[in-house]
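Using the sequences and the hints, build the whole thing.
Next come the chains, spelled out residue by residue.
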Amino acid sequence: MIVNDEEILKLELKANKIRQDVIRMLSEAKSGHSAGPLGMADIMTLLYFLVLNHDPKNPSWEDRDRLVLSNGHICPVLYAALANRGYFPVDELLTLRKLGSRLQGHPHRTALPGLETTSGPLGSGLSQACGMAKAALMDNASWRVYCLTSDGEHDEGNTWEAVLFASKYKLHNLTVIMDRNNIQIDGFTEDIMPLGSVIDKYKSFGWHTLEVDGHNYEQLINAFGEAKAEFEAPTLIVAHTIPGKGVSFMENKFEWHGKPPNKDEAEQALKELVEIEKKLKSNSEVVFS
Amino acid sequence: MINSNLYLNPKLFTDDLEQVPSRNGYGEGLVLAGEMYPNVVALCADLTESTRTEEFKKRYPDRFIEIGVAEQNLVTVASGMAAVGKIPFTTSYATFSPGRNLEQIRTTICYNDQPVKIIGSHAGISVGPDGATHQALEDIAIMRALPNMVVISPVDSLQAKKATLAIASLPKPCYLRLSREKVPVITTEQTPFEIGKGQIFWEGKDATIISTGQMVYRALEAARELEKNNISVRVINIHTIKPIDQLIIIKAAEETGAIVTVEEHQINGGLGGAVAEVVGQNYPVPLKIIGINDRFGESGEPNELLDKFGLRVEEIIKGVTYVLRMKNHPD
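Chains as they are written, first to last, in this note's numbering: chain A, 258 to 546; chain B, 52 to 382.
Cβ-to-Cβ under 8 Å is the rule here; a few derived chain A residues that face chain B: (1) Cys387; (2) Gly388; (3) Lys391; (4) Ala392; (5) Glu418; (6) Ala419.
Using 30 Å as the maximum straight-line C-alpha spacing, the simulated DSBU-like pairs for lysine-lysine come out as follows: (7) Lys223/B to Lys109/B; (8) Lys355/A to Lys510/A; (9) Lys109/B to Lys425/A; (10) Lys355/A to Lys223/B; (11) Lys427/A to Lys108/B; (12) Lys427/A to Lys109/B; (13) Lys369/B to Lys293/B; (14) Lys359/B to Lys233/B; (15) Lys223/B to Lys314/A.
Please keep in mind that the hints were generated in silico from the structure rather than gathered at the bench.
Bear in mind that the values here come from a model prediction, so they are computed numbers and not experimental data.
Using N, Cα and C, we set each Cβ at its ideal position, and we do this for glycine too.
Below, the structure written as structure tokens:
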């Protein structure tokens, strides 16, 4: 994948729009998670607008790449990416968490097109991604599996069962992106249950590992390309992200893991994001001219 | 008297009646399902031989996936495989799966609506010497509480084989409960099997015994004894605990006016509970639930345990006498 500056700027603008949608959704819902969705907006945008081989007009296309969101609580950013990519109307985003909505508080596969699984309870998405990847290898299928997981959910034993499995069955068609944002509900991951070096741990389990800045498109694009070129082992991309990215008063604060902005906070957050949008647009004028 | 329309084993109540563990029938059924459906795969958590997944593994090594001792991974990997078109059969002991992995079954299989088959072998107190840790007595209650889940408890090995084939083509999450010990082969190849349809094994009009799994044989023995005393008892085999055959139960309540249920499972939430829900809401009649009474099992020989824990033929007869007294003398 070779991407020029213009395309990267477009992606950054798209991610900014998705962040604004996330703020509006959470503010309207009056509940939900803020930090994770904002932190993962760049990666989610990149996946749905560049990396994944998929077709929003045909969500059940057999040969599509599968994206499994394991840490289901960051679903506002998944919903926003799906809507902006054309899976369902963007207007519907504001129904998040409301009675009768297809946008459940945690994602429910059968409710909404584009979802590959139901998730929320942590630690079982990687196993499901493994099952899909194993089935694809059995059938010599060419599609790939992507799994988004969090550092916090690596407290779960189920995750490590899957880490063993993926290595044993050499699931080279599986790319795992870990959102290494160092926070979980009760505090910093290294205080709650220290993970230490995730890279060393996965390496010792036989995985191919990469480490990137989760907001740097060039690094991310290269990492996805490298994962695709790996034919022996599953790949883990540890993406260092800033929870709450783009909203100054949310950035790196674990207090924002599980709460939404109130009306004033949402206004402030949108103001900041619009500022970033303006900056990106002025940059793009420089690039495009 | 025996229902002659169901082609039951002519050797019933004779000394040379065959005894086979229901898990064996599963093993045979799985191989057949593998032949019939190329997308059937088998996943096992380090218990391939004892859950009778061995033969499938030999015949279809590329469609067998060893998971290791990891029951949470067992069902979640299966969920992922089902999501992309496989029909996964997962096997372990019923205390571990379902049990260790209940939340994964609930979220990634039932709510996510993936047609994974959960095979719980070694269910019931008749597991024997391994003791209470390995005797699943709560699995029916757990699994029948889950939306979308189909729960099947076959009466013998032949029915287990038919049930295995039937769930392979049913696009829903299913739980199949199996026994470790040899149990009497009550049915024959000709006996019909349809998911959700109860079976009257013994005709009668005074009272009804509703049972499941290997306890059906003891229920039949009780009915035979009672017939000698001119008490005519109907015996119904409920192999599908969910969705339960409401009609056959309501009809039994209407026509016989008294019901006893018998199962190798906790009284709380098992077959008896399922029958009580149907009877209580449709046609209340006197009901006695015979099962394990809110306690854990222990080590011992299978029959010793069944006897010690209140599942003797005499107890079933006592149960029938009890509901008949309530029916005839309601005050």
